[in-house]
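Colleague: Sequence:
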Amino acid sequence: MSTIAPAQPSNAAVERDRAPRRRKRQHSPVLWIGVVFVVLFCLFPFYWLVQISLRHGQDLGVAKLYPPNPTLQSYKDVFANDDFVAGLRNSVIVSTVTTLLSVLVGSFAAYALARLRFRGKFTILALILSVTTFPPIAIALPIFQLWTDIGLNNTLIGLVIPYLTFALPLTTYILTSFFREIPRDLEEAAMVDGATRFQAFRKVVVPLAAPGMATAGILTFIFAWNEYLLAITLTTTKAARTVPAAIGNFNDTAAGGYAQPIGLIAAASVIISIPLIVLVLAFQKRIVAGLTAGAVKG
Numbered sequence: 000m001s002t003i004a005p006a007q008p009s010n011a012a013v014e015r016d017r018a019p020r021r022r023k024r025q026h027s028p029v030l031w032i033g034v035v036f037v038v039l040f041c042l043f044p045f046y047w048l049v050q051i052s053l054r055h056g057q058d059l060g061v062a063k064l065y066p067p068n069p070t071l072q073s074y075k076d077v078f079a080n081d082d083f084v085a086g087l088r089n090s091v092i093v094s095t096v097t098t099l100l101s102v103l104v105g106s107f108a109a110y111a112l113a114r115l116r117f118r119g120k121f122t123i124l125a126l127i128l129s130v131t132t133f134p135p136i137a138i139a140l141p142i143f144q145l146w147t148d149i150g151l152n153n154t155l156i157g158l159v160i161p162y163l164t165f166a167l168p169l170t171t172y173i174l175t176s177f178f179r180e181i182p183r184d185l186e187e188a189a190m191v192d193g194a195t196r197f198q199a200f201r202k203v204v205v206p207l208a209a210p211g212m213a214t215a216g217i218l219t220f221i222f223a224w225n226e227y228l229l230a231i232t233l234t235t236t237k238a239a240r241t242v243p244a245a246i247g248n249f250n251d252t253a254a255g256g257y258a259q260p261i262g263l264i265a266a267a268s269v270i271i272s273i274p275l276i277v278l279v280l281a282f283q284k285r286i287v288a289g290l291t292a293g294a295v296k297g
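Residue 31 in numbering that gives the first Met the number 0 is what sits at position 32 of the sequence shown, and the numbering runs on without skipping anything.
The hints are simulated quantities; they were obtained by calculation from the structure and are not laboratory data. There's no promise every hint is true.
Per label pair, the in silico range of CB-to-CB distance [to be verified]:
| id | residue 1 | residue 2 | range |
| --- | --- | --- | --- |
| 1 | V84 | W47 | 23 to 29 angstroms |
| 2 | K284 | W31 | 19 to 25 angstroms |
| 3 | G150 | L126 | 51 to 57 angstroms |
Every value quoted in this text rests on a predicted model; they were computed, and no experiment measured them. Where a beta carbon is used, it is the ideal one built from N, C-alpha and C, also for glycine.
All chains, please: the whole structure from these sequences, using the hints.
Modeller: So this is what it looks like as structure tokens:
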């Protein structure tokens, strides 16, 4: 008795089954046009900044999309400017100290909010998050008056403290979401083996939360590096002025001290943007994870 082999689907049937999947993978041309438009719209200002930084002074008024005679003279001039070099050094110090303090203190605050049970915890977390939305101008003038009275104007620590006012709440909020995703069983197992709560935090929780701490640190560094309003309000000398404030004080002494040297400003802006571009490209997945942490799980 012969067996009947199961019927095999024809090639036409297979193609019909695959067709809907293939259609799902195909993207509308309108979507691609939209993506290209958004990318060009976002990148064009930076391209314009770069091409201005490559122009000679006499070519700044030439209506072309590219520098007629490219030159690196603006970059040489900006590194010969003492205010810019001092501002660059101050920005590195202020941003690094702000980042380290924010991650260190924010880690303890976030761990307490994620693990301890006490009344009003979610209200506290909401208040912490709301601080990040405050406009810096709301505290700039009161802090200026206070710093004048106690002598913290024109000091690096005088910038780090108000920067922490905005960076610490964001760090705490991000790390709270990361700590919540770490199972409590791991800490309890460590404490059963004789570890104290702090040892369990340091040896078990911190290594697992390291990606989140790195994300919070990157976002804090970017904020401190870009901050401008507080920097120009609280500093008037190059001993403490950060690089955004230093660029804002560029002037053309050859023009009597009132004209802004556009090429020099463009070159300085490109230089200070490079570290942030490198950070974002290297840690883009971490940054997105940090910004969306807690968006799905409460």
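Colleague: Take the hints in turn and mark each one as holding or not.
Modeller: Against the structure, the hints:
{"no.": "1", "hint": "V84 with W47: 23 to 29 angstroms", "verdict": "holds (26 angstroms)"}
{"no.": "2", "hint": "K284 with W31: 19 to 25 angstroms", "verdict": "holds (23 angstroms)"}
{"no.": "3", "hint": "G150 with L126: 51 to 57 angstroms", "verdict": "violated (31 angstroms)"}
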